[in-house]
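Trainee: All chains, please: the whole structure from these sequences, using the hints.
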Amino acid sequence: MADSMNGTAPRLAGHALVEALVAQGVDTVFGVPGESYLAVLDGFHEHRERIRFVACRQEGGAAFMAEAQGKLGPRPGVCFVTRGPGATNASIGVHTAFQDSTPMLLFVGQVAGEQRDREAFQELDYRQFFGPGTLGMAKWAAEVQEAERLPEYVARAFHVAQQGRPGPVVLALPEDMLTRMTQAPVLPPVQPVHAWPDPQALIELRRLLQQARQPFVIVGGGGWTAASCAALQRFAERWQLPVGCAFRFQDLFDNRHPNYAGDVGIAPNPRLAERIGNADLVLAIGARLGEMTTGGYTLLQAPRPRQKLVHIHAGAEELGRVYTGELLLQASMAAAAPALAALDAPSSLPWAGQAQAAHADYLATWEAPQVQPLDMAQVMKTVVRLSPEDTLYANGAGNFAGWLHRYVPYRGLQHHGRTQLAPTSGAMGYGLPAAIAAALLQPERTVVHVAGDGDFLMTGQEMATASGHGAGRGKGRLVSLVVDNGSYGTIRMHQEREYPARISGTELFNPDFAALARAYGWHAERIEGTAEFEPAFARALAAEGPTLLHLRHTADVISTRTTLAAIRAAALAGRR
Numbered sequence: 001m002a003d004s005m006n007g008t009a010p011r012l013a014g015h016a017l018v019e020a021l022v023a024q025g026v027d028t029v030f031g032v033p034g035e036s037y038l039a040v041l042d043g044f045h046e047h048r049e050r051i052r053f054v055a056c057r058q059e060g061g062a063a064f065m066a067e068a069q070g071k072l073g074p075r076p077g078v079c080f081v082t083r084g085p086g087a088t089n090a091s092i093g094v095h096t097a098f099q100d101s102t103p104m105l106l107f108v109g110q111v112a113g114e115q116r117d118r119e120a121f122q123e124l125d126y127r128q129f130f131g132p133g134t135l136g137m138a139k140w141a142a143e144v145q146e147a148e149r150l151p152e153y154v155a156r157a158f159h160v161a162q163q164g165r166p167g168p169v170v171l172a173l174p175e176d177m178l179t180r181m182t183q184a185p186v187l188p189p190v191q192p193v194h195a196w197p198d199p200q201a202l203i204e205l206r207r208l209l210q211q212a213r214q215p216f217v218i219v220g221g222g223g224w225t226a227a228s229c230a231a232l233q234r235f236a237e238r239w240q241l242p243v244g245c246a247f248r249f250q251d252l253f254d255n256r257h258p259n260y261a262g263d264v265g266i267a268p269n270p271r272l273a274e275r276i277g278n279a280d281l282v283l284a285i286g287a288r289l290g291e292m293t294t295g296g297y298t299l300l301q302a303p304r305p306r307q308k309l310v311h312i313h314a315g316a317e318e319l320g321r322v323y324t325g326e327l328l329l330q331a332s333m334a335a336a337a338p339a340l341a342a343l344d345a346p347s348s349l350p351w352a353g354q355a356q357a358a359h360a361d362y363l364a365t366w367e368a369p370q371v372q373p374l375d376m377a378q379v380m381k382t383v384v385r386l387s388p389e390d391t392l393y394a395n396g397a398g399n400f401a402g403w404l405h406r407y408v409p410y411r412g413l414q415h416h417g418r419t420q421l422a423p424t425s426g427a428m429g430y431g432l433p434a435a436i437a438a439a440l441l442q443p444e445r446t447v448v449h450v451a452g453d454g455d456f457l458m459t460g461q462e463m464a465t466a467s468g469h470g471a472g473r474g475k476g477r478l479v480s481l482v483v484d485n486g487s488y489g490t491i492r493m494h495q496e497r498e499y500p501a502r503i504s505g506t507e508l509f510n511p512d513f514a515a516l517a518r519a520y521g522w523h524a525e526r527i528e529g530t531a532e533f534e535p536a537f538a539r540a541l542a543a544e545g546p547t548l549l550h551l552r553h554t555a556d557v558i559s560t561r562t563t564l565a566a567i568r569a570a571a572l573a574g575r576r
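Going by this note's numbering, the residue at position 436 of the sequence shown is 436; the numbering climbs one at a time, nothing skipped.
Honestly, the hints are just simulated from the structure, not real lab data.
Virtual Cβ for every residue (Gly too), placed ideally from N, Cα, C.
Fair warning: there could be bad hints in the mix.
Stated by the list, open to error - Beta-carbon label-pair distances, calculated as ranges:
| no. | residue 1 | residue 2 | range |
| --- | --- | --- | --- |
| 1 | 545 | 366 | 28 to 36 Å |
| 2 | 193 | 565 | 50 to 58 Å |
| 3 | 343 | 274 | 35 to 43 Å |
Mentor: Below, the structure written as structure tokens:
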């Protein structure tokens with residue numbers, strides 16, 4: 001085994017691929033097995049002391065787990081699937097990784113070379129399907145034809161996934177290539193190369209800051225580290241800047257910090273939106289300034305915002321893509337944040353006190369009228385109060401996520417690493433696989449997953465993966481909260497706004513989620529009222545193994561800020 005790991009002994013190409021992953025610092029991969037890459041599966045068996053293969057129940061769940069792995073770091077997430085249906089199922093995780101700027105590798109078993117271009121069983125051209133490009137699903141998609149070049153392709157894949165704007169890479173593996181013998185060497189681990197900001201651009205940035213009267217910082221995107229988040233905080237403190245986090249990147253800046261202004265996402269705090277609208281300088285650091293963060297490109301008007309704009313991003317292709325600005329600066333977050341922290345601030349700033357006022361506005365959003373019989377605001381506040389400080393929170397897509405965005409004070413990466421796993425792509429079904437991956441990769445931490453009923457059943461079968469691999473049985477706990485309102489709530493909300501009182505296609509007929517969870521070997525309880533939740537959640541935190549709490553909720557309380565009845569009434573009144 002030692003000789004093969006040094007690349008001096010002949011071995012199957014499938015084994016060489018596993019050795020390449022081990023050399024890159026990967027100790028866990030997720031996937032669904034397939035006959036197209038049996039030689040790789042045998043390689044995982046051969047090197048089972050160094051790397052584990054977590055077999056999932058559906059490729060979408062496996063890809064979501066790998067995407068969460070890439071978010072958690074320190075290495076890109078890795079997923080293996082078979083050809084055709086396996087790859088198309090996994091594409092949702094690849095798209096999520098692309099839009100979330102998450103480093104991830106997807107390996108796809110491919111038909112044998114001699115069968116190519118005949119529409120063989122489950123054959124696809126993955127280079128076309130995953131379509132690298134600014135609106136594609138992957139940063140790079142390739143097919144490895146020669147066994148001797150496998151380490152080269154793997155090393156390049158790690159480079160591409162991590163450098164510039166991080167993202168997913170897809171490598172197709174012909175079945176016959178994987179069974180060839182090779183003496184390919186094992187290459188050293190790849191580390192991303194960081195781009196440092198231009199010193200002259202930093203001088204211009206300092207000048208723009210000195211001229212400002214109402215600056216605002218929006219932080220987001222991939223490529224952040226604990227050190228760069230700490231440097232960002234020092235920059236905000238030195239310049240007394242209010243900081244908002246882009247859509248579902250709330251754990252890049254400590255939400256309890258007095259400079260934190262709130263999340264700049266779907267339906268943001270109106271006071272926050274007003275503050276950004278009135279800003280004379282917006283400094284976007286790492287954020288992609290997509291539709292969700294900009295309120296459909298209205299909070300910052302495209303292509304020329306009313307506010308002066310400084311945009312710092314790791315990807316040159318992102319700068320100037322939608323917005324022009326006073327200063328567009330390409331730099332890695334690991335390099336940009338320390339450079340910003342080193343900028344000297346003047347002794348007095350005209351906006352002094354604005355950050356504290358913005359934080360007070362954020363804290364005010366924690367106040368909300370009580371709701372009966374189940375108050376989701378109180379539920380989330382109870383979760384935060386009882387859970388360990390380093391708890392990871394995971395969610396998929398749906399209006400239910402608004403309660404996490406509003407009531408969970410995420411910590412910055414410098415404290416405990418990632419504390420938020422959520423898809424900026426809006427992928428339903430993401431939360432449960434992400435939570436399971438987190439529980440397996442960081443078993444010392446508690447993971448709380450929140451899902452809607454429609455969201456949960458997209459990937460609910462991965463409860464079997466959690467049970468089979470012991471998720472939630474370490475020092476930490478795995479708790480899933482399923483908010484059941486019998487509706488595809490987000491779509492119902494839009495439906496009532498556009499076609500009031502005309503319900504079509506949004507009602508759900510649900511199982512007994514607690515009984516379903518018990519069938520998978522989970523602890524489970526059903527919650528009908530607010531008073532029942534705290535003791536049930538305490539029992540979940542004390543339980544050995546994963547727990548699901550089935551929360552019965554009314555569809556009328558559709559978000560943290562309004563009800564279906566109010567939306568319908570406003571829509572009907574507007575039509576009179």
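Trainee: Is 35 to 43 Å respected by the C-beta to C-beta distance linking residue 343 and residue 274?
Mentor: 27 Å, violated
Trainee: Between residue 193 and residue 565, does the C-beta distance stay in 50 to 58 Å?
Mentor: Because 55 Å falls inside the window, the suggested range holds.
Trainee: May I ask you to test the hint 28 to 36 Å on the CB atoms belonging to residue 545 and residue 366?
Mentor: This hint holds: roughly 32 Å between Cβ atoms.
Hint check: a violation occurs at hint 3 only; the rest are consistent with the structure.
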